[in-house]
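K.L.:
One-letter residues, chain by chain:
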Amino acid sequence: MVTPFVWMVSTSLKGEGAVFEYPPKIIPNPLHFDNYKQAWTTLPIGLAYLNSLKIAVIVTAGSLLTCSMAGYAFAKMQFVGQKILFMLLLATMMIPGQVTLIPMFMWFSKINWVNTHWPLIIPPVLSNAFGVFLLRQYMSSIPKELEDAGRVDGLNPWQIYWKIVLPNCKPALAALGIFTFMGNWNNFLTPLIYLDDQKKFTLPLIIASFQGLYSTDWPLLMAASCISLIPVLLVYIFAQRYFIEGITLSGMKG
Amino acid sequence: MKKMIFKLTFVSCIVALFISGCASGGSSSKEEVAGKEGKITLRMSIVAGTDEMSAWQSIVDAFNQSHPETEIKLERLPGGWNEYIQKMTAQIAAGNPPDIGRVGAAYMPMFSSKGQLEDLAPYTGDLKIEDYYSSAFDQYQQNGKMYGVPAGIYTMAMYYNKDMFEKAGIPEPPADWEKAWTFDDLKIAAAKLSSGKGANKQYGVYVNLNPERATQYLWTNGGDLFNEDKSKSMINSPESKDALAYLQGLIKEGYSPTPAETQTMPPDQLFQSGKLGMLIEGQWMMPGFSKIDKFKWGVAPIPMGSSGKAFTPNFVDAYVVYKGSKHVKEAAEAIKFFISKEAENILVDKNVGGMPVLKSVAESRKEDMFNPLSPEEKEVWFQSVEFSRAIPFTNNWQEVVDTIMKKMDLVGLNQLHASKAADDLAPELDALLKQK
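Those protein sequences? They're chains Z and D, same order as listed.
Just so you know, we're using this note's numbering here: the first sequence kicks off at 1 and counts up by one.
Just so you know, we're using this note's numbering here: the second sequence kicks off at 1 and counts up by one.
Errors might be hidden in some of the hints.
Unchecked claim - Below, simulated BS3-like cross-link-like pairs (lysine-lysine); rule was C-alpha separation at most 27 Å, straight line: (1) D/K232 to D/K420; (2) Z/K199 to D/K350; (3) Z/K25 to D/K420; (4) Z/K110 to D/K39; (5) Z/K199 to D/K378; (6) D/K179 to D/K420; (7) Z/K110 to D/K114; (8) D/K296 to Z/K199; (9) Z/K110 to D/K294; (10) Z/K199 to D/K73; (11) Z/K37 to D/K350; (12) Z/K110 to D/K179; (13) Z/K25 to D/K296.
What the hints contain is simulated information worked out from the structure, not anything from laboratory work.
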């Protein structure tokens, strides 16, 4: 499981031509640290980093808010058409993203959102059916007695949501946060379709730019991949506990 | 309760502020376009390697300088053709495509059959066609229509490792396409060059069964992939079968790596590490191979089969104007500039884009092209254009390739006999050809 990672780091330090040497050397000699410098300067990776970070953070924060609110409504409130609405919501999960891609693009191009970051931010914040589902299931398992206690103390539904249900959902929120962050950080297809201007590119697009039509500069590509991996690694390290809980919670890997 | 609502409103306000703050930086492209009054702005969108971009930018800059009333904005897409096609399809569907594009030969039938390209024939009447290589222009001129203007010619030839040849006592193959090696010569050489086991394993030749890399073997043996008007497959003709069986033989004898082995070690890397004697590949390998310093290498014509005539496939990328462009005339003007002497010379300076389509540029710049080859070996590339044919691309080419490769992978792994594979494939390909 570690091998691809080791290969990536080791290749990122190799000179061109040494990549496919046989037998492979794990620690290349000489070490080419300048690959990193070159990767950083040939294409605007720094800018892409900021773009990716901005999109991933906003989408994560935003969808945690919207998903927890919707999840709360589905789990803890009674209203007309609740079941049907929930079924409809689940049904949207069955449609593969590729099917809606072009219609969505046509729609966004009508309101001139093409070549902006909006189409990468708004849809995932407002339509994260998986997140609603995950949080609704988790909230359903919070005992009703807790809410009742709150209600006896005079809390309204907003307060119950904010003070009782949300704090009890931390593991689920953390798991959803990680899923959302990773999904958006690694997203390739949507930014590819919407962004034209290299200055607006996200990291996966810039990394793909290291591949040519006929040849690939592996050391540079791997150096860029290593750079892009840092935030993901940090998220993993700091949120590992929640991440494992998240897997047991949803049966899904990120 | 009030405090709660206040808090929530506060949070959402901050989120909203954050979002709008970030977005204001993003939506400025429209204003830029409107800013330059009276000037027509064209969008040009291409895929290319990072090292190629300065060349494409230079010809665009040259155009912008000499045409003050028009401005081209060059956009580079990441990734390869697949990503490019996806993005163009979305933009054409939304009615907002770039004006100019560069499309790989394999994808041209798909775009033109769907009516996604503008016919450029009305604008290109003043081009002197006889100044250009006809093998490049012919494939895009059909029934008086012209959906693409050839951007550059790529052909294939045989790269070989001179040091390995010397060690095995094999004379260097002739550089003249008329006197190309025969299939037998290739087999004998491959046998002598193959040796060793495990880490020291050396291969004589690499046999690639992908139709985009193997159709020339069918041609030179008197066969073909499809018939003339692409209505029936010819892969099961005796000549085609012979050629395929010959190729399978090379793999069976262990002279060529199998498809499984090239999964872990790409053939061009194998050649660069000095473990492959001969590699039949395209001109596009030249920049990478020119960096080889461990051994001497050369270029020779692709060996010929029983017809006694050598062939190489050509891949002619095309400049196109996408349907929905509001400035077809100006875009066509720009494309004409891109194949003019000035622009072609810039591309040669930067060593990008394949052989120039303009004969005079190709001939006057021989010194600057295809280095570090010797003058005789450069002729292999220049001459190859005359011996080249276009691969019979169809509008469902990707499916055709997938269908063929399903069988050819088994052929390469020696799990299916080549002639049986050809018989199996013929009806499947016939069905695919009827689809269009």
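K.L.:
All hints are to be evaluated individually against the structure, with a verdict given for each.
P.N.:
Here is how each hint holds up against the structure:
no.	hint	in the structure
1	D/K232 to D/K420	holds (18 Å)
2	Z/K199 to D/K350	holds (25 Å)
3	Z/K25 to D/K420	violated (43 Å)
4	Z/K110 to D/K39	holds (23 Å)
5	Z/K199 to D/K378	violated (40 Å)
6	D/K179 to D/K420	violated (32 Å)
7	Z/K110 to D/K114	holds (23 Å)
8	D/K296 to Z/K199	violated (42 Å)
9	Z/K110 to D/K294	violated (56 Å)
10	Z/K199 to D/K73	holds (14 Å)
11	Z/K37 to D/K350	holds (24 Å)
12	Z/K110 to D/K179	violated (60 Å)
13	Z/K25 to D/K296	holds (25 Å)
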